[in-house]
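Enquirer: One-letter residues, chain by chain:
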Amino acid sequence: MAAKLRAPGLYRAFFAFLLGIAFAAGLTWLVRMATGHSTYHHFLSEEPIMAVSLITAPIFFLVGLGGFDYWLYWASGRPTRPEDHSSHGAHTWKDYFRINTDHKVIGIQYTVTAFFFLFVGGLMAMLMRIQLAQPGAEFVSANTYNGLFSVHASLLIFLFVIPVFAGLANYVLPLMIGAPDMAFPRLNALSYWLLPLAGLMMLLSFAAPGGAFADGWTAYAPLSIDAPIGQDFFSVGVQLAGASSIMTALNFLVTIITMRAPGMSFFRMPLLVWANFATSLLVVIATPFIAASQFFVLLDRGLGFNFFDAGKGGDVLMYQHVFWFYSHPAVYIMMLPGFGIISEIIAVKARKPIFGYRMMAFSLLAIVGLGFTVWAHHMFTSGMAAWIRIPMAITTAIIAVPTGIKIFSWLATLWRGVLHLDTPMLFSLGFLATFTLGGISGVMLAMVAFDIHVSASYFIVAHIHYVLFGGSLMTIFAGVYYWFPKMTGRMYDERLGKWHFWSTFVLFNLTFGPMHILGLQGMPRRVPTYAAKFADLNMFISIASFGLGLTTLIFLYNMVTSWRGGPRAVANPWRGLTIEWQVSSPPPVFNFDRIPTVVGSPYEYGVPGAVHGTFAPAPVPATVGGASRGSDVVHRHTE
Amino acid sequence: MVSRRSIVGTIAAALIATAIGIVLSYVIHWFPVQASTQAHHTDTLYHVLVIASVPIFVLVVTVILYSVWQFRVKPGQELEDGPPIHGNTRLEVIWTAIPAMILLGLVSYSFVVLHENEKKPAGPEMVVNVTGQQFAWSYEYPSSATGGAPLKTTQLYVPDNESVHFEIKSLDVIHAFWIPAFRLQIDAVPGITTSYRATPDRLGSYPVVCNLLCGVGHGLMRSTVHVVTPSAFQAWLKSRASASGGASTGQPGAPASAS
Amino acid sequence: MEAASVAHAAAHDDHHHGPPVAHRSSRVEPQLLGMLLFIISEVMVFGAFFTAYFFIRVAQGDAWPAPGTHLPLEVAGVNTAILVSSSFTLHWAEQALKKGNHFGLKAGMLTTFLLGCAFLFIQINEYANIGFAPQDTAQATVFYSLTGLHGAHVFIGLVLLLIVTIRAFRGHYSPEEHRGVEVPGIYWHFVDIMWIVVYTTVYVI
Ligand code: HEA
Ligand code: HEA
Ligand code: CUA
Ligand SMILES: [Cu+2]
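Residue numbers (my numbering), protein chains in the order written: chain A, 56 to 694; chain B, 827 to 1085; chain C, 3 to 207.
Bound-form chain A, shown alone:
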């Protein structure tokens, strides 16, 4: 036992976690005594202890887990243990529950954790829909309901969409660019382990006195300032998740810039790599703003600062500006990686080069740039200076152009291709349709005069889900099916996959389509009850949503059973050219025996004998007998 407690791992982590709480208690005790809380029993008060523990306990936990061991050795100038790659790779399921520096293991840790939170967040949505099934229902209290949609959104945004993309990219991106691992493997491990903490923190807020944080994922001040302690679980949880995504973004950027295989010029990178490059730029520049916004809230709450206290000269709207300066770019953080996934799948499944590759790359960068110029379209009715609405509306409308370029280029890629309509492709095509709808409703919202009517109504809720579910989640499903063979070495069940797609596609539209009408009709969002005239549509939506919930169980079943018992996957089941398909499924522990050489564009489908990456020592011109090489690359790893 003592040995177990000394060795890095979950035991030590748990022990440290308790220490963290004790530390918080001690700290608050000292401070309160110093600041003269007269009577003794005032020195210990559980709310401050809880608040401080939110910060100390996770840090202690990570130290206990061993997240900092190497750096502590290094910092103290002691000889660091030479990296024997013992911690690399996963040999048993236990290896997924420790600090692991292998980007493939981390990728799977990320993805599985994220999907766990999809199910939790989705389950909350189910509870919300039960409450909303008829007006005046008493299924949950108003406060609980507010907590439900707040946690629902926070989990699905910060613990599902953003991390799951980071997870998939973590797995395939280094393989795609011919890198043996990420640039900073230890940082990579640390940024993963921050996530479960952030997620559990948000979940635990339901147990906090006064209930979960209940003012939406936007947590507008001043409402969030005098909310019960549950709010701190959000403010701190977001800090952890934010720190995690900044670390990952740094890691991706450095990896992409400094670790590409020889011959892999920027314009030979697969579009998934481009997409994550663009996304990481957004994360690095924007995320600090939400961190700051939550610092402000914590300071106002904890120490009585006056950022948002109008009485003392604070500025209430400032919160919204700072929050949306992150959270609008965040919506592209939640979409661009999906664009990358779709580009990979459509090129392979239509057997054609991506149409207008360069424009695809440039439009990503255009979205990054424009993404920082539109934040106040969330504030058209906020009472901010009226003139700001004009430039923001224009930029918001214009941002549809680069997005449109992508949509049309994908369509052109389909044209005269040889379409393989298996599950990943179905989800990609479904995405094109549903996301276009969501985008168009977005463009409508850019039209100020119209937004003034529907802002914060169910029309917005419809938009949210058409872009986040019909957009992000569709691409996520597509990507998971597409790389499932690579990540697990098994094939998924195609029949179940098709069932999953069709049921999801239909029920998705039945669930969220009618919300547009509800909004226009005047139903506000974030209400546990509503006027009688909305009853029928809401009942309809609720029923559809339960079906939608159940469809995700098909997916779950397919993934679990296929992972455990599916037929073995060959190295390159889709005949893809990008490098991750040129190694075995799953890839060897160290990805490659030899770093590959890139000799051509990643999407030369239809060009006889085209090669993108080869493991042959010397680079050779793309056309000369590439085909045979391309194929024996595969064989060398699948024997």
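No lab work stands behind these hints: they were computed from the structure.
Because the structure is a prediction, the values reported are computed rather than measured.
Just so you know, nobody snuck in bad clues.
Calculated pairs, EDC-like style, for lysine to aspartate or glutamate (alpha carbon to alpha carbon, straight line, at most 20 angstroms):
#1 B/Lys945 with B/Asp1027
#2 A/Lys367 with A/Asp281
#3 C/Lys108 with C/Glu96
#4 A/Lys367 with C/Asp64
#5 C/Lys100 with C/Glu178
#6 A/Lys367 with B/Asp998
#7 A/Lys367 with C/Asp138
#8 B/Lys900 with A/Glu549
#9 B/Lys946 with B/Asp1027
#10 B/Lys945 with B/Glu993
#11 B/Lys900 with A/Asp477
#12 C/Lys100 with C/Glu184
#13 B/Lys1064 with B/Glu988
#14 C/Lys101 with C/Glu184
#15 C/Lys108 with C/Glu178
Now the stretches of chain B that chain A is said to cover, found in silico as 3 or more residues with beta-carbon under 8 angstroms:
#16 858-871
#17 877-884
#18 889-900
#19 1005-1012
Every residue, glycine too, gets a C-beta built ideally from N, C-alpha and C.
Given the structure of chain A, go ahead and fit chains B and C with the ligands onto it with the hints provided.
Expert: Structure of chains B and C with the ligands alone, referenced to chain A:
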């Protein structure tokens, strides 16, 4: 391999779909009744947006369905590839330029509507002070409106066909003053006064909705706006004045001192 | 899946132990690039706090500093001088190391570290005697937040410097192997520059 007949047929189908879509957009009744001049402008804007959007959506979906129908892998094709087409500058310019123009057109039109809805009317304008607080709305008719002592009340009556300038404050957190029948809303923000103007043009009573999460009572923070004939409005003012003795004392939600 | 990867582990361990060396596709050092990108994030954090400053002081046009309060321009000026000079001593230390002068390195690092501590000490002392609390007004809030945020960065910087100093005294680093000094050094320079911005916006104008 792309047969002329299939193309023509598809284009026809697409046009029909578009037509149906646009007709539908009129058949479906999207909105609650229009009770203000602003509502007419906004609804027209919406219909224009829908009419602009339908063809775009139909285009995208048509291309998808056509490709699925014509280009899906046929027996024996399993190992074949499509033609290596890398791009086409003319096309790319077109699908950059045309959406850009559509969007700029739409956004400019929306500004026209915005201006229409917000510009000061020629005729007289009545000011009504609105105060939001957890979880109720209260109203004050200044002397300019009552012609006597200011009137504080929790009822909202406005005369037909006369522009009303709502000046909105909040005593605690942010609320939003939304009148769906007018298609208008703005937040009530602590520390500042926000406003919008509406010209009611239909007699009746319509819901006033708090449309910004303001706490547990948010879902119940409702009120009603009664649009009545000018004479009826005057009568109401009088009745209220005598009821509350004209005194503007102790009513819940007296507006916060302006800042 | 476990089975598969084990098999491959076995299959591959016999022809090498450890990953192939990554290809360097850029002349920039990964650590250096990482630090620069991190500094971009840091600049944005300050950016957000300056947004708060902007809204209170410019957008709302409130008096600065709050009526009846006064900011010790001179003391802070001295403090600025201290911090700026610490940048020079740090540079000196780096140069010494490049020349292989290990004593210079140690001396330089130590002075830099002490100057940093002096700065922080004076800053805290200023808080103690400034005569208003962050809870008083929005202006006070912004003042304490901006200077406090910067103070926190000085503290982080000092931790990094301490690490470097310790390692220097334990004889690490050499003219060839000086990245471990440079990368934290960049951070310290950033902290200094940031202070000059804070000083001018908060105290001077
Ligand atoms: C994945 C996430 C995501 C994405 C990609 C988008 C994309 C867009 N969003 Fe959305 N948005 C959200 C997530 C997202 N949004 C969320 C979560 C909220 C609510 C936050 C909250 O309050 O809780 C929100 C809210 C929101 C608002 C605020 C509404 C309000 O609160 O009053 C607005 C207003 O302008 C807006 C606009 C847009 C626009 C113009 C786009 C554009 O990028 C869309 C561009 C795409 C297309 C247009 C389709 C494809 C293009 C073509 C086929 C070309 C031709 C098209 C035309 C000519 C029209 N969004
Ligand atoms: C990626 C993001 C994402 C995703 C995937 C979803 C998925 C869903 N969302 Fe969510 N939603 C948001 C992001 C998302 N949402 C955001 C940002 C908001 C705004 C919050 C705010 O206002 O602050 C919001 C708000 C929101 C509202 C408005 C609340 C309100 O304003 O009052 C509603 C109401 O119906 C809703 C419903 C749903 C439903 C039915 C699903 C379904 O698709 C979920 C389906 C998935 C599952 C159900 C998985 C779990 C399934 C099981 C565990 C099996 C068991 C199933 C049964 C028991 C049937 N969401
Ligand atoms: Cu008041 Cu919601
Ligand atoms: Cu936005």
